[in-house]
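Visitor: Take the sequences, apply the hints, and build the full model.
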Amino acid sequence: MGAKLAETDTRYGPPSDFEGRRPAAFNSEADGAPRLFGTDARLRNLMALAVHGPLMYAELRRITGAGHMALEDRSDAPFGRGDVVRVWDTKNGPAVMLDEAHPLALPLLRLLIALERTYRLNPYKARLPSPKPPRRRRWVGDTDALFGGPIPTGILMTIGALGWTFEALCCACIEHDRWNVKKSMRRLEEEGVLEGDRPRKPGMNVRIVRIADGFVARDELIALLRAAVEAWPSYRRRVRTEIQQLHHKTKVILDKRGLM
Numbered sequence: 001m002g003a004k005l006a007e008t009d010t011r012y013g014p015p016s017d018f019e020g021r022r023p024a025a026f027n028s029e030a031d032g033a034p035r036l037f038g039t040d041a042r043l044r045n046l047m048a049l050a051v052h053g054p055l056m057y058a059e060l061r062r063i064t065g066a067g068h069m070a071l072e073d074r075s076d077a078p079f080g081r082g083d084v085v086r087v088w089d090t091k092n093g094p095a096v097m098l099d100e101a102h103p104l105a106l107p108l109l110r111l112l113i114a115l116e117r118t119y120r121l122n123p124y125k126a127r128l129p130s131p132k133p134p135r136r137r138r139w140v141g142d143t144d145a146l147f148g149g150p151i152p153t154g155i156l157m158t159i160g161a162l163g164w165t166f167e168a169l170c171c172a173c174i175e176h177d178r179w180n181v182k183k184s185m186r187r188l189e190e191e192g193v194l195e196g197d198r199p200r201k202p203g204m205n206v207r208i209v210r211i212a213d214g215f216v217a218r219d220e221l222i223a224l225l226r227a228a229v230e231a232w233p234s235y236r237r238r239v240r241t242e243i244q245q246l247h248h249k250t251k252v253i254l255d256k257r258g259l260m
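Under my numbering, the letters of the sequence shown match residues 1 to 260, in that order.
Keep in mind the hints are simulated off the structure, nothing from the lab.
Virtual Cβ for every residue (Gly too), placed ideally from N, Cα, C.
Any given hint could be a false lead.
Stated by the list, open to error - Subject to a maximum C-alpha distance of 30 Å in a straight line, what follows is the list of computed BS3-like cross-link-like pairs (lysine-lysine):
id: 1; residue 1: 182; residue 2: 201
id: 2; residue 1: 249; residue 2: 182
id: 3; residue 1: 249; residue 2: 201
id: 4; residue 1: 182; residue 2: 132
What the hints assert, rightly or not - Ranges of calculated distance between the beta carbons of each label pair, as one might list FRET restraints:
id: 5; residue 1: 139; residue 2: 168; range: 31 to 37 Å
id: 6; residue 1: 213; residue 2: 92; range: 42 to 48 Å
id: 7; residue 1: 88; residue 2: 168; range: 42 to 48 Å
Guide: Following this line, the structure appears as structure tokens:
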């Protein structure tokens, strides 16, 4: 019954004229694109807006094959909850674009374009004219949700402040359960965004994690993270505070490795 409904009701399936690969939700796609913004669908939506935006929402769905109709509700956030996208009504329906007022608009745009060069979107030919952007407004969004949620955002912002991080420091800065921090960090490593300086194993030696050398948009992501801690200095202050509160032995280890 559900499969049949998805074939006939556009609220549940992609546009009837869609041809191409639909984005995944919380699963990884076959091309290996990292779920940098929490889900594969969000990544594809944001890349489409970076490359083709502003767009009518109907056109965005033709690019990504998104099966949802709700732009946002309690259970669906197709662009994440970091307020990086502007949505407005037109006489032809809702329109969407990357928010030009976002403090990180330019480095975020560069990151998304760099990602799309490797993780290509479906072929697209415009059928509706590009909507006229609305009047620019002051940005008042959520800084803790840029990368899908506070835990992955906090991990990456810690790297933005230092150029590196480690699990215990992230736990102290983010103030979340260590298991959840470990899970998010492991996922970012498995998807090629982060890499550690040694394999995971028990032991007292600090395992340092950085943006992976092989990440396809490494330079753009590092530039975004550096811009983020400049735009939102509370992240840098939080990291510096927690560094000072580390155990003396941990500080000695970091100092010997030239990280302090």
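Visitor: Look at each hint and say if it fits the structure.
Guide: To see whether the hints hold, each was checked on the structure:
1. At most 30 Å may separate the alpha-carbon atoms for a hinted pair to count; residue 182 and residue 201 meet this at roughly 13 Å.
2. Between residue 249 and residue 182 the alpha-carbon distance is near 22 Å, which keeps this suggested pair within the 30 Å criterion.
3. For the proposed pair residue 249 and residue 201, the alpha carbon gap of about 19 Å is at most 30 Å, so the pair holds.
4. A hinted pair counts as satisfied when its Cα atoms are at most 30 Å apart, and residue 182 with residue 132 does not qualify at roughly 43 Å.
5. At about 33 Å, the beta-carbon gap between residue 139 and residue 168 stays in the expected band of 31 to 37 Å.
6. The hint said 42 to 48 Å for the Cβ distance between residue 213 and residue 92, and at roughly 45 Å that hint holds.
7. Restraint check, residue 88 to residue 168: a C-beta distance of roughly 44 Å satisfies the suggested window 42 to 48 Å.
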